[in-house]
Amino acid sequence: MFKTIFENVRSKNPLIHNITNYVTVNDCANIVIACGAAPIMADDKNEVAEITSICNGLNINIGTLNSRTIESMLLAGKKANELNHPVVLDPVGAGASQLRTDTAMQLLQEVKFTVIRGNISEIKTLASGSGTTKGVDADVADKVTEENLNEMIAFAKAFAEKTGAVIAITGAIDIVADSTKAYCIRNGHPMMSAITGTGCQLSAMTAAFVTANPDYPLEAAATAVSAMGYAGEVAHTRLTEMDGNSTYRNYIIDAIYNMTPEMLEKGAKYEVR
Amino acid sequence: MFKTIFENVRSKNPLIHNITNYVTVNDCANIVIACGAAPIMADDKNEVAEITSICNGLNINIGTLNSRTIESMLLAGKKANELNHPVVLDPVGAGASQLRTDTAMQLLQEVKFTVIRGNISEIKTLASGSGTTKGVDADVADKVTEENLNEMIAFAKAFAEKTGAVIAITGAIDIVADSTKAYCIRNGHPMMSAITGTGCQLSAMTAAFVTANPDYPLEAAATAVSAMGYAGEVAHTRLTEMDGNSTYRNYIIDAIYNMTPEMLEKGAKYEVR
Amino acid sequence: MFKTIFENVRSKNPLIHNITNYVTVNDCANIVIACGAAPIMADDKNEVAEITSICNGLNINIGTLNSRTIESMLLAGKKANELNHPVVLDPVGAGASQLRTDTAMQLLQEVKFTVIRGNISEIKTLASGSGTTKGVDADVADKVTEENLNEMIAFAKAFAEKTGAVIAITGAIDIVADSTKAYCIRNGHPMMSAITGTGCQLSAMTAAFVTANPDYPLEAAATAVSAMGYAGEVAHTRLTEMDGNSTYRNYIIDAIYNMTPEMLEKGAKYEVR
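Protein chains in written order, with this note's numbering: chain A, 12 to 284; chain B, 12 to 284; chain C, 12 to 284.
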């Protein structure tokens, strides 16, 4: 199924509106192109509803948010809901400041999301309404492990049930769940956490995948998560002794660019629970 | 002539003020350095006029515009006109939202531009005052082809006549025209469209080229367009099987860095009509 | 000593709050990770004090400043002072506009900095309260040379005395001084000036180094400066004929990622005066 889902992205070439942070925005744009979609970035309140209208899907990322862009996120999210466009939320740093937690909670209340993708600390913050995220990285205490995996899957399914969104919790083991079914994905490489914005890139790409596969949000999100992890594996095989996180960043985007649906089908490592 | 024009950029090292979007700004800065000029990015209304004054040329790019930066674009543009500095407009996404179309039209009315560079959909939007740009990419229906080339050249010349600016329409075939003369440039590689911001980079570089060659805006813009396309060709020859759009992005900037005026003179593919 | 200082960064993994420009922010984040620390970027007045509180150190960079972010810089700087967190100032373009000079002077008055890092024109502007910085690069007339080195060291020590901050003046020869002692560092490569943001990256990394070594701000800043220069040397040895400033940018971050404290100890070139 991952193969068909990825083929749909490449053949439909969906246009994705991104309201995202200025740290990783360039990588987000390039990876959206690499996977077969097209990005547009726009965050002014006087154009976001209109830009969302000409697009096929929306990605809202709250990193480097401010009062001006928060208003735009709400406007674009509501317009996308009106138009029945898929919407992805990346609650970057929810739990790290009251502003980020409050903004994420307000977005959850006023916008219906198709997928919510974050690290475990961010998702726990959204589920409980408060949190202790360590900056923009997951807290070690929260980590998904083989030991707590069943518990974490149950948590993801329950939060999916509550929000009506597919929940994608990414880390060493990724969980992508709706209220009844969860994909546990074991693609990826530890070095991916040495690059800023692999999560942001994945959220942008997830928006492309769910937009091209509107009837299969769970499978589309799982495919995007698996593709990102597999790209991390492929890219890592290219690294020479002197390469570091900057070259790795480029190679991951390159790997998405060169990945065929067949390659992904073979490379994907997951189980359904 | 392209050789002399490029030599002037490298020898004069013009300082270029860029008010540009946060998506591709880093690549714009690096390519401006790569071609032999120096960039400064500043977008606050309380400093843009002063920053423009210490610079030699100005590049205004409306991607990710907002009410704060629109005001700054107008202030900087007017100051540059006062000082007789070359000014380039990149109307990113004009036609994709009313805000972008209106802003581009207001800039055209209040600022005299030396060069306007965009894709065909953006330029058509400016010429007609409204448009249907598909996001930030050109609409397929608008595409410049060998079949409609004469018509498009006439369109470019007429719009150059109307605005007093050199018009650079870039795509598979590039047209760079003033009211009486047009360069049709056939450098470039289709994969360039798989990178975000090659257009933005070209606009920033065009500002450097026209600033270093104030008496030859048409030839300077044509040289910049040709150099960007030729860099795309050179960079493409370096790509291995596993390289994708991210590595290609780096190699294009590298190719500008290593391009000599002699190489460009030989590599440029154009005709004058 | 450089070895121990670098080891502390890698073992303590400090979290660094960056309020920085949108031109080079991605490279700043990636180099902070590369050196062993963790970055968070946040610039809204409603969260900066809180974000600073969960971090261990703060980096304030005034490139692409605006009225909104200036307020945030002051709030974050004061909160960091309250908490006794190290704070680095990068006065990008001070002297190039009144707004930048005034903002830098106001920051100096209201915030106590641990390190101030800039090029010689920027630092001279801060010391005198006015200046003639050529854009964001140092003015040639200001350049630190073997001939004026003693004078420049005296200047740096005097300004360190006045501000209570370690002063890091970077260029072909780097000077890192407190009121009584100066490191003259001769690492680096001239091609580093062909990349946008090597200075910004160094400031972000300096924040990580002083945060992990709170009792040795002078040595920590000198180590960061030396590491950046040495990375420029190592990265340069990798360049092939077709590589330019964009690949070089990636390789410098890669070199920091792969640099061990032992390698730095051997590669550092400095004298104490």
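Everything labelled a hint here was simulated from the structure, so no lab data went into it. Treat each hint with caution, since some may be false.
Repeated chains share a single entry, so a pair holds when one copy, or any two copies, can fit it.
As the list claims (entries may be wrong) - Straight line, CA to CA, 30 Å or less: simulated DSSO-like cross-link-like pairs of lysine-lysine: (1) K89 x K154; (2) K23 x K154; (3) K56 x K168; (4) K56 x K277; (5) K56 x K90.
Bear in mind that the values here come from a model prediction, so they are computed numbers and not experimental data.
Results of checking the hints against the structure:
For a Cα distance limit of 30 Å, the shortest separation of K89 from K154 qualifies neither inside one copy, at 33 Å, nor across copies, at 34 Å. Taking identical chains as interchangeable, the C-alpha atoms of K23 and K154 lie at most 30 Å apart only when they sit on different chains, with a minimum of 20 Å there against 36 Å within one chain. Taking CA atoms no more than 30 Å apart as the test, K56 paired with K168 passes in neither setting, with 34 Å inside one copy and 36 Å between copies. For the identical chains of this complex, K56 and K277 are neighbours neither inside a copy (43 Å) nor across copies (48 Å), given an alpha-carbon limit of 30 Å.
When the C-alpha separation of K56 and K90 is checked against a cutoff of 30 Å, the pair qualifies both within a copy, at 12 Å, and between copies, at 28 Å.
Hint violations for this structure: numbers 1, 3 and 4, all remaining hints satisfied.
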